[in-house]
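Colleague: Sequence:
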Amino acid sequence: MGERRVLERFVVAGYAAIGAGAAVLPAAVPAVFGGSAGTPEARTEVRAVYAGIPLAFAVSILRATPGERRGVLAAVRDASAGMALARLCGAAVERRLPLWPTGAFVALEAALAAAAHRADDDAGNTRRRPGR
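Under the numbering used here, the first residue of the sequence shown carries the number 1088, and numbering increases by one thereafter.
Simulated from the structure, these hints should not be mistaken for laboratory data. This structure is a prediction, so every number in the text was calculated from the model and none was measured. Where hints are given, some of them may not hold.
[What the hints assert, rightly or not] Simulated restraints, written as ranges between beta carbons of each label pair: (1) A1161 x G1122: 26 to 34 Å; (2) F1120 x G1158: 43 to 51 Å; (3) S1123 x V1146: 23 to 31 Å; (4) S1123 x T1152: 23 to 31 Å; (5) A1162 x G1125: 32 to 40 Å; (6) G1125 x G1158: 14 to 22 Å; (7) L1195 x A1129: 34 to 42 Å; (8) R1182 x G1089: 40 to 48 Å; (9) L1186 x G1108: 13 to 21 Å.
All C-beta atoms in this analysis are idealised placements derived from N, C-alpha and C, irrespective of residue type, glycine included.
Could you build the full structure based on these sequences and the hints that come with them?
Modeller: Structure below.
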């Protein structure tokens, strides 16, 4: 199995695990950050966003045709990097970056973005982009 496939599987597994966890234990998601999802409506919202979006990322990568793969990986990369950057900006505004949970999620999202980026590069390696 080539490096691109390993990286794609890492991204798929990471987002599938996040999505499955949020779908099965939606109250655990806000609890990690000191919040709660005490109503059925709140748990439904957690499932919609914290399960639905990660599962959509995973399924999109798995279902992508060879011609679609680079675009899908680029979208997942940019979303992952955006989440990591938004957490860092939030930590800067709050003047606080605890290792758990915020730092851990920044690291995970950055790792997923880097893996998707590398897999995207490998998916189009017939011609390298300038400066790479």
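Colleague: Each of the hints needs a verdict: does it hold here or not?
Modeller: Evaluation of the provided hints:
1. For A1161 and G1122, the Cβ-Cβ distance of about 32 Å falls inside the hinted range of 26 to 34 Å, so the restraint holds.
2. A C-beta distance of roughly 32 Å is found between F1120 and G1158, which places it outside the suggested range of 43 to 51 Å.
3. About 29 Å separates the C-beta atoms of S1123 and V1146, a value consistent with the hinted range of 23 to 31 Å.
4. Between S1123 and T1152 the CB atoms are about 42 Å apart, so this pair departs from the stated range of 23 to 31 Å.
5. Remark: the range hint 32 to 40 Å for A1162 to G1125 is upheld by a beta-carbon distance near 33 Å.
6. Separation of G1125 from G1158 is about 39 Å and departs from the stated range, judged on CB atoms against 14 to 22 Å.
7. Here the CB-CB span from L1195 to A1129 is close to 24 Å, at odds with the stated 34 to 42 Å.
8. For the hinted restraint 40 to 48 Å between R1182 and G1089, the CB-CB distance of approximately 44 Å keeps it satisfied.
9. Under the hint 13 to 21 Å, the C-beta atoms of L1186 and G1108, about 20 Å apart, fit the expected range.
Checked against the numbered hints above, the structure breaks hints 2, 4, 6, 7 and satisfies the rest.
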